[in-house]
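Take these sequences, add in the hints, and give me the full structure.
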Amino acid sequence: MNPSLKITEDMMALGFSAYECKAYLALLEEFPMNGYGLSKASGIPRSRIYEVLKNLISKQMVFEQAEGKTKVYIPMEPAVFIKKLKSRYERIFNDLTQYAGTLYREPKQDDRLVVIQGRDNIISFLKVLIKGAENRVALSIWDEELSALTRELDAALDRGVMLRGIYFGREKTYKDLVPHRRIKRYMAEKKERYMSVIIDHAHAVSGIVSRGEASKATWTRDEGFIEVSEDYIAHDLVVNLYSASLDKEAYARFEEFADNVHDQFFHYSKTDLDTYKGLLE
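First residue of the sequence shown: 7, per the working numbering; consecutive thereafter.
Since the hints were made in silico from the structure, they are not lab data. Be aware that one or more of the hints could be misleading.
Under the rule of at most 20 Å between Cα atoms (straight-line distance), these lysine to aspartate or glutamate pairs were calculated in the EDC-like manner [to be verified]:
| # | residue 1 | residue 2 |
| --- | --- | --- |
| 1 | K190 | D280 |
| 2 | K222 | E150 |
| 3 | K90 | D101 |
| 4 | K197 | D269 |
| 5 | K222 | E198 |
| 6 | K178 | E195 |
| 7 | K133 | E219 |
| 8 | K197 | D265 |
| 9 | K196 | D269 |
| 10 | K46 | E35 |
| 11 | K178 | D149 |
| 12 | K137 | E158 |
| 13 | K28 | D16 |
| 14 | K137 | D206 |
| 15 | K196 | D278 |
| 16 | K222 | E177 |
| 17 | K283 | D237 |
| 18 | K28 | E15 |
| 19 | K276 | E262 |
| 20 | K283 | E195 |
| 21 | K181 | D164 |
| 22 | K77 | E96 |
| 23 | K197 | D242 |
| 24 | K283 | E255 |
| 25 | K60 | E73 |
| 26 | K190 | E177 |
| 27 | K190 | E96 |
| 28 | K222 | D126 |
| 29 | K137 | E96 |
| 30 | K46 | E36 |
The following label-pair restraints were derived from C-beta to C-beta distances [unchecked claim]:
| # | residue 1 | residue 2 | range |
| --- | --- | --- | --- |
| 31 | G218 | Q66 | 42 to 48 Å |
| 32 | I214 | L109 | 30 to 36 Å |
| 33 | E150 | Q104 | 38 to 44 Å |
| 34 | K77 | G218 | 52 to 58 Å |
Glycine included, each C-beta is placed from N, C-alpha and C at the ideal position.
Here it is as structure tokens:
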């Protein structure tokens with residue numbers, strides 16, 4: 007993307023209009039300029055340029071100065087403007103935090119289940135939770151989602167946060183994530199990528215993340231749901247670590263036993279069961 011377009015988008019995300027962005031950026035390149043010159047340099051219609059300048063002056067991003075009978079305009083230095091902007095938003099966040107805290111009383115037990123739809127939205131929400139992690143992140147996750155969260159997980163590890171769990175993939179990225187032993191078998195039966203993430207024993211996010219915008223995950227702070235989710239991951243760790251400790255013959259017997267238990271529970275067809283038993287990788 008063109009750097010100028012990217013900066014314009016970023017400034018608009020902070021609440022500036024497109025014309026305000028264009029005028030300020032044009033003035034940074036060449037100043038002082040009068041209204042006519044700025045209109046030509048920025049592409050802002052002459053009918054709008056003085057309204058835009060008035061807004062920028064009120065925001066102290068631009069200063070007006072008289073040169074004879076002409077008024078010219080000078081931009082605030084970028085370093086000063088950015089420092090002022092940071093200070094403004096910091097004050098807003100502090101005020102919001104203080105005021106919201108007086109209104110919100112967190113219940114001792116929050117059993118709400120909130121559905122998050124769309125893989126990108128799920129990943130974005132998890133990034134926020136992981137950035138706030140203080141003690142432990144527990145995962146049952148696939149390579150695709152693990153890759154999307156690498157930056158946040160690395161930062162959490164640097165802060166001393168523990169990482170535990172199961173991952174479905176070939177390349178072992180984190181030493182404390184245990185690879186699932188039978189990925190082909192799992193995919194043959196489930197046909198979807200599921201994910202479960204627990205942050206600090208306080209947040210649980212679980213759901214299907216392989217359907218793009220149709221993906222759905224549930225976020226909750228319910229203690230019972232969190233306990234069940236962590237038990238699920240801990241159980242998977244036990245099974246996979248134990249099976250990895252077996253010799254070849256003992257491992258084959260273990261997986262035969264596991265397939266039969268699954269069959270008794272799910273009642274597979276003979277064709278499906280034979281297929282699953284053949285996927286020992």
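May I ask which of the numbered hints given earlier this structure violates, with the numbers listed in increasing order? 6, 16, 17, 22, 27
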